[in-house]
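Each chain, written out:
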Amino acid sequence: MRRILAVMERDLLRVLRNPAALFSSVLLPVLYLLILGNSLNGPLTGLRLGVVSADQGPEARALLGALQAVEQGPGTVVIVPLDDPVRGFALLHEGDISGLLVVPSTFSHDRSHGLAASAGLYVDNVDAVAAGAIEGAIEAAVATADQPLVRFERGLGPAAVRPQEIYPRVDYDTSLIPGVVVMSLFMGSMLSGAFNLIMDRFLGVHESFLSTPLRKADINLGILLSGTVVTLASSTLVLAIGLLMTGARVHGGLAGYAALLGVMVLTGLGLLAMTMTIMGRAGHPRIAGVLNGFLSVILFFPSGALYPLASFPGWLRAFARIDPETHAVAALKAILFRGGDLSAAGQHVAFLGAFTAVMLVVSTLAMKRTL
Amino acid sequence: MNPELAIEVRHVVKRFGKLAAVDDVDLEVRHGELFGVLGPNGAGKTTLVRMLTGIVSITSGEASVAGIDVRRDPDGVRRAIGVVSQALTSDLDLTGLENLDIYARFFDMSRSERGPRIEELLRVVGLWDRRKSLVKTYSGGMRRRLEIARGLVHAPRVLFLDEPTIGLDPQSRLVIWDLLRDLRKGSDLTVSLTTHYLEEAEALCDRVAIVDRGKIVALGTPQELKARIPGSDTVDLSLGSPPSDARLAELGALAGVRDVARTADGVRVRADGGATLLPRLIEILRVDGLQVTAAALQRISLEDVFIHFTGRTLREESSAAGQGFVPPRRFT
Chain A
26 MRRILAVMER DLLRVLRNPA ALFSSVLLPV LYLLILGNSL NGPLTGLRLG VVSADQGPEA
86 RALLGALQAV EQGPGTVVIV PLDDPVRGFA LLHEGDISGL LVVPSTFSHD RSHGLAASAG
146 LYVDNVDAVA AGAIEGAIEA AVATADQPLV RFERGLGPAA VRPQEIYPRV DYDTSLIPGV
206 VVMSLFMGSM LSGAFNLIMD RFLGVHESFL STPLRKADIN LGILLSGTVV TLASSTLVLA
266 IGLLMTGARV HGGLAGYAAL LGVMVLTGLG LLAMTMTIMG RAGHPRIAGV LNGFLSVILF
326 FPSGALYPLA SFPGWLRAFA RIDPETHAVA ALKAILFRGG DLSAAGQHVA FLGAFTAVML
386 VVSTLAMKRT L
Chain B
2 MNPELAIEVR HVVKRFGKLA AVDDVDLEVR HGELFGVLGP NGAGKTTLVR MLTGIVSITS
62 GEASVAGIDV RRDPDGVRRA IGVVSQALTS DLDLTGLENL DIYARFFDMS RSERGPRIEE
122 LLRVVGLWDR RKSLVKTYSG GMRRRLEIAR GLVHAPRVLF LDEPTIGLDP QSRLVIWDLL
182 RDLRKGSDLT VSLTTHYLEE AEALCDRVAI VDRGKIVALG TPQELKARIP GSDTVDLSLG
242 SPPSDARLAE LGALAGVRDV ARTADGVRVR ADGGATLLPR LIEILRVDGL QVTAAALQRI
302 SLEDVFIHFT GRTLREESSA AGQGFVPPRR FT
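Chains A and B supply the protein sequences, listed in that same order. Using the working numbering, you'd call the opening residue of the first sequence number 26 and step up by one each time. Using the working numbering, you'd call the opening residue of the second sequence number 2 and step up by one each time.
Hints in this document: simulated from the structure, not taken from any laboratory. Take the hints with a grain of salt, since some may be wrong.
Straight-line distance between alpha carbons at most 20 Å, and here's what the computed DMTMM-like set of lysine to aspartate or glutamate pairs gives [said to hold, decoys possible]: (1) B/K216 - B/D74; (2) B/K137 - A/E34; (3) B/K133 - A/E34.
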């Protein structure tokens, strides 16, 4: 134990006396939260929709009325009334408006005579997300435009689905907190742990370890524990900043905080041991740099930190299920947002525990005790 | 393996692919000896030391250090030896004291053992006053002294020094030499010193092995090695007047003298053991009342020994890349 602690203390002292690198493992996730949280914040609003109506009939007016309701309500679209379809297309092409609705002069006539009436909707599908939102808004408007008549004839009240959220409301930026905490754990594990070992080897300092009675496990555990302290410190800071920025609260009191720290320790140690397994034998820091970028992408984006797993294709979902960051994000989300019921995180914590244990054993076995 | 020997090497080979960096080396170092391994860069010296210190594996052959088999009990060997490697390996971001304290803990030394030992060593190497300074503020010579102290912190029986003065200025080199001489006073510490500086081997070593292309080409005390070269010393004597032929013949008849010749202002004698012959030479010349106004003795150096055994100069070899094994990736 004395030897493990000696390796750990040495590693920690070196990191603490060069703290610049650690700032990036705090700063980047916080910036991520700030930028992503504000740019992808919830449903889209304010999309400019050009409307050219050549029809003054009742059905056309009903449709436009329904669109105005969308404009006033959810605010998905802002209606830009236009007289000339040619001018409308020009604006669409220039990106000034995101969609153009053209209602032909025969619209009301055809509808009222039981014929299929169609209006033209042209969307700027360069931006698929905005195009989808406009299509959705217009479909809703068409459906609404149908309703008054039905209700009047049958005398029924409107049927609507009113969402009931079972947990306290989670805004998009708040929902990013687990992701950015996991990101800081990942970055911390890349900037400490195996990276320190590779630098020691690169600089020839490692040789002084090899001629002492230190065993593989002493070196590995010492470096991993020091890395855990470092990653825990930076990710705790990121968590605190995230909670302050979004105003979110940790439910479950002290147990909630303890559970968060537990998941963070387990995740940090697991990622550090995984990194040590993958690049513990590398001799040049550049290898660490390349693998860092690669691992960051393949572990973070499928983790469900930004987008729900359910929307992934099957193969990506399968990968996500064995991605430790997926379980880390899910466990943190469960603890942070599911009202302090820690059992919701159980299966994810179990996965992280098993993953970390396996990686600790493999990284120790894979460690090279000679030059 | 002989427990009487501090280092014993039998038919040791190290191969990197097809290249034999160390090729069937035999070596015996006695307890308390300061043994030098001399050779150009790439001769296989560092590889030999790394095998003995358990840092690289031995391809074939047997080796023991402090009576412990290197292959069977590498951990036992590591406890018995101290290593000061060629690259500066102390941590720049730690203080001198922290460097030694953490290293001592690698050897499981308790706090009460560490404290006095570290203070003693830091005082010996002259760094006690700078113990709380970060190593990055140390000069190269100070750093090397710290690393020698670090190599000794667990009181090893054998100390391996790999090029301990490489890259140091002449003054720092002399400080290290004095330090090594002081460390051996009243101690039975065995030291293995690897160097490509001839003057270093000559100044410090009890015995020297000359290594070239993975093999030991000569072994002995510096004096023995030099004596193996015929006519190794040149004595130039300046005289008040020219010597007689009879006296020159008498000089030429002395045991060890190889050649006698007149010079512009006196005589030149080429001989084995010129220093011991010098008083006798002067005595003979004085018989005729000749006055010896100046005497110069040019002794053979290990450089000459190296040329004799390898056919090449050490300096040429040092600058030639690609001989022997590929040096490790490192900054020194």
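We went through each hint and held it up to the structure:
no.: 1; hint: B/K216 - B/D74; result: 26 Å, violated
no.: 2; hint: B/K137 - A/E34; result: 18 Å, holds
no.: 3; hint: B/K133 - A/E34; result: 17 Å, holds
Comparing the model with each earlier hint shows a violation of hint 1 alone; every other hint is respected.
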